[in-house]
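Whenever a hint applies, use it, and build me the whole structure from the sequences.
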Amino acid sequence: EPVSHYLSDQGRGDALRSLLQDMRDTMQATGGVGIAAPQIGVGLRVVIFGVPQADPQTGQTQADTAQAEPKSANPRYPDADAVPETVLINPVITPLNDKMEDGWEGCLSLPGLRGLVPRFLYIRYQGYDEYGALIDRTVSGFHARVVQHECDHLDGILYPMRIRDMTQFGYAAELFPDKNFPDE
Numbered sequence: 001e002p003v004s005h006y007l008s009d010q011g012r013g014d015a016l017r018s019l020l021q022d023m024r025d026t027m028q029a030t031g032g033v034g035i036a037a038p039q040i041g042v043g044l045r046v047v048i049f050g051v052p053q054a055d056p057q058t059g060q061t062q063a064d065t066a067q068a069e070p071k072s073a074n075p076r077y078p079d080a081d082a083v084p085e086t087v088l089i090n091p092v093i094t095p096l097n098d099k100m101e102d103g104w105e106g107c108l109s110l111p112g113l114r115g116l117v118p119r120f121l122y123i124r125y126q127g128y129d130e131y132g133a134l135i136d137r138t139v140s141g142f143h144a145r146v147v148q149h150e151c152d153h154l155d156g157i158l159y160p161m162r163i164r165d166m167t168q169f170g171y172a173a174e175l176f177p178d179k180n181f182p183d184e
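Heads up: the sequence shown begins at 1 in this note's numbering, then just goes up one per residue.
Hints were generated in silico from the structure; no laboratory data involved.
Bear in mind the structure is a predicted one, so any value in this text is a computation, not a measurement.
Do not rely on the hints blindly, as some may be mistaken.
Unchecked claim - SDA-like mimics (lysine to any residue), calculated; alpha carbons at most 25 Å apart, straight line:
hint: 1; residue 1: Lys179; residue 2: Pro52
hint: 2; residue 1: Lys179; residue 2: Gly50
hint: 3; residue 1: Lys179; residue 2: Pro78
hint: 4; residue 1: Lys99; residue 2: Tyr77
hint: 5; residue 1: Lys179; residue 2: Pro75
hint: 6; residue 1: Lys99; residue 2: Leu116
hint: 7; residue 1: Lys179; residue 2: Glu101
hint: 8; residue 1: Lys179; residue 2: Trp104
hint: 9; residue 1: Lys99; residue 2: Asp79
hint: 10; residue 1: Lys179; residue 2: Arg124
hint: 11; residue 1: Lys179; residue 2: Phe142
hint: 12; residue 1: Lys99; residue 2: Lys179
hint: 13; residue 1: Lys99; residue 2: Tyr122
hint: 14; residue 1: Lys179; residue 2: Arg164
hint: 15; residue 1: Lys179; residue 2: Leu113
hint: 16; residue 1: Lys179; residue 2: Gly31
hint: 17; residue 1: Lys179; residue 2: Asp155
hint: 18; residue 1: Lys179; residue 2: Leu110
hint: 19; residue 1: Lys99; residue 2: Tyr131
hint: 20; residue 1: Lys99; residue 2: Arg124
hint: 21; residue 1: Lys179; residue 2: Gly103
hint: 22; residue 1: Lys179; residue 2: Thr167
hint: 23; residue 1: Lys99; residue 2: Leu19
hint: 24; residue 1: Lys179; residue 2: Gly156
hint: 25; residue 1: Lys99; residue 2: Gly50
hint: 26; residue 1: Lys179; residue 2: Thr30
hint: 27; residue 1: Lys179; residue 2: Tyr122
hint: 28; residue 1: Lys99; residue 2: Gly156
hint: 29; residue 1: Lys179; residue 2: Pro118
hint: 30; residue 1: Lys99; residue 2: Pro111
hint: 31; residue 1: Lys99; residue 2: Asp155
hint: 32; residue 1: Lys99; residue 2: Ala80
hint: 33; residue 1: Lys99; residue 2: Gly31
To be verified - So the derived label-pair ranges between C-beta atoms look like this:
hint: 34; residue 1: Asp22; residue 2: Arg162; range: 33 to 41 Å
hint: 35; residue 1: Asp178; residue 2: Asp102; range: 30 to 38 Å
hint: 36; residue 1: Pro75; residue 2: Arg24; range: 16 to 24 Å
hint: 37; residue 1: Glu85; residue 2: Leu158; range: 18 to 26 Å
hint: 38; residue 1: Leu20; residue 2: Asp136; range: 35 to 43 Å
hint: 39; residue 1: Tyr6; residue 2: Pro78; range: 17 to 25 Å
hint: 40; residue 1: Asn97; residue 2: Gly13; range: 15 to 23 Å
Glycine included, C-beta positions come from ideal geometry on N, C-alpha and C.
Here it is in structure tokens:
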């Protein structure tokens, strides 16, 4: 069900800090790349997403590298580009053109499942960070996919609802028998 509760300036105190900490803890404990407030039972239009980059030598998380296209340190998406950790409040997404790309997705709300999901390749997203500062970014690829996936939760949409070919949806172990996905 869509969430229509927008967070006002008055809602940016201790309750927001506590919510964000709960969301970060849940995301970290589950190894997710993002989480929306409704996934933990809170009806606010708040998402957090981020994929730390991996050190090219060790594969471990690295805060800062000079690598042109840093790759993800998240074992679910090891070949994905890194995405900066972002708190996004009251988000608005605008596709920049009609170009879409299929990509495999999973979700903490549907453990063990994967599906081939079409997403806009280029988007602009706007909203506010946890301090009330405006966020206005134009992104593409995996970054755009993550933002769209998380913001879908705010509108009551889970990724299987976007899948065009349901033969491309199922348990990861059956779809990819040679891949070892982390437990979800």
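These are the hints, each one checked on the structure:
The suggested pairing of Lys179 with Pro52 holds, with an alpha-carbon distance near 21 Å, which does not exceed 25 Å. Between Lys179 and Gly50, the direct Cα distance comes to roughly 23 Å. Compliance with the 25 Å bound is thereby established for this hinted pair. Under the criterion of a C-alpha separation no larger than 25 Å, the hint pairing Lys179 with Pro78 is consistent with the structure, at around 12 Å. Only pairs whose Cα atoms come within 25 Å are accepted, and Lys99 paired with Tyr77 is accepted, the gap being roughly 22 Å.
For the hint linking Lys179 to Pro75, the alpha-carbon distance of about 11 Å falls within 25 Å, and the restraint holds. Restraint check for Lys99 and Leu116: satisfied, since their Cα atoms lie roughly 16 Å apart, inside the 25 Å limit. With a C-alpha separation of about 22 Å, the suggested pairing of Lys179 with Glu101 holds against the 25 Å cut-off. For the proposed pair Lys179 and Trp104, the alpha carbon gap of about 13 Å is at most 25 Å, so the pair holds.
Restraint check: the Cα-Cα separation between Lys99 and Asp79 comes to about 22 Å, which is no more than 25 Å; the hinted pair holds. With a CA separation close to 33 Å, the supplied pair Lys179 and Arg124 exceeds the 25 Å bound. At roughly 20 Å between alpha-carbon atoms, Lys179 and Phe142 fall within 25 Å of each other, so this suggested pair holds. Taking the CA atoms of Lys99 and Lys179, the gap is about 29 Å. The hint is violated against a cut of 25 Å.
For a cut-off of 25 Å, the pair hint linking Lys99 to Tyr122 stands: about 7 Å separates their Cα positions. In summary, the hint linking Lys179 to Arg164 is supported, as the alpha carbons are separated by about 23 Å, within the 25 Å threshold. For the given pair, Lys179 sits about 13 Å from Leu113 by alpha-carbon distance, which is consistent with the 25 Å threshold. This hinted pair checks out: Lys179 and Gly31 have alpha carbons roughly 17 Å apart, not beyond 25 Å.
A hinted pair counts as satisfied when its Cα atoms are at most 25 Å apart, and Lys179 with Asp155 does not qualify at roughly 32 Å. For the hint linking Lys179 to Leu110, the alpha-carbon distance of about 18 Å falls within 25 Å, and the restraint holds. A threshold of 25 Å between alpha carbons decides the hint, and for Lys99 with Tyr131 the separation of about 33 Å lies outside it, so the pair is violated. With a C-alpha separation of about 14 Å, the suggested pair Lys99 and Arg124 falls inside the 25 Å cut-off, and the hint holds.
Restraint check for Lys179 and Gly103: satisfied, since their Cα atoms lie roughly 16 Å apart, inside the 25 Å limit. For a cut-off of 25 Å, the pair hint linking Lys179 to Thr167 stands: about 18 Å separates their Cα positions. Restraint check for Lys99 and Leu19: not satisfied, since their Cα atoms lie roughly 35 Å apart, outside the 25 Å limit. Distance check on the hinted pair: Lys179 and Gly156 sit about 30 Å apart at the alpha-carbon level, beyond 25 Å; violated.
Distance check on the hinted pair: Lys99 and Gly50 sit about 23 Å apart at the alpha-carbon level, within 25 Å; holds. A threshold of 25 Å between alpha carbons decides the hint, and for Lys179 with Thr30 the separation of about 18 Å falls inside it, so the pair holds. This hinted pair does not check out: Lys179 and Tyr122 have alpha carbons roughly 29 Å apart, beyond 25 Å. Taking the CA atoms of Lys99 and Gly156, the gap is about 24 Å. The hint holds against a cut of 25 Å.
A distance of roughly 22 Å separates the Cα atoms of Lys179 and Pro118; the hinted pair therefore holds under the 25 Å criterion. Between Lys99 and Pro111 the alpha-carbon distance is near 29 Å, which puts this suggested pair outside the 25 Å criterion. For the given pair, Lys99 sits about 22 Å from Asp155 by alpha-carbon distance, which is consistent with the 25 Å threshold. Proposed proximity of Lys99 and Ala80 is supported: the alpha carbons are some 19 Å apart, at most 25 Å.
For the proposed pair Lys99 and Gly31, the alpha carbon gap of about 29 Å is over 25 Å, so the pair is violated. The hinted window of 33 to 41 Å between Asp22 and Arg162 is violated, with their beta carbons roughly 27 Å apart. The supplied range of 30 to 38 Å is broken by Asp178 and Asp102, whose beta-carbon atoms lie about 20 Å from each other. The supplied range of 16 to 24 Å is met by Pro75 and Arg24, whose beta-carbon atoms lie about 18 Å from each other.
Checking the proposed 18 to 26 Å range against Glu85 and Leu158 shows it holds: the Cβ atoms sit about 23 Å from each other. Checked against the hint of 35 to 43 Å, the pair Leu20 and Asp136 fails, with Cβ atoms roughly 20 Å apart. Evaluation of the 17 to 25 Å hint for Tyr6 and Pro78 yields a failure: the beta carbon distance comes to about 36 Å. One distance hint, 15 to 23 Å for the beta-carbon pair Asn97 and Gly13, is violated here, with the actual separation near 39 Å.
Hint compliance for this structure: hints 10, 12, 17, 19, 23, 24, 27, 30, 33, 34, 35, 38, 39 and 40 are not met, and every other hint is.
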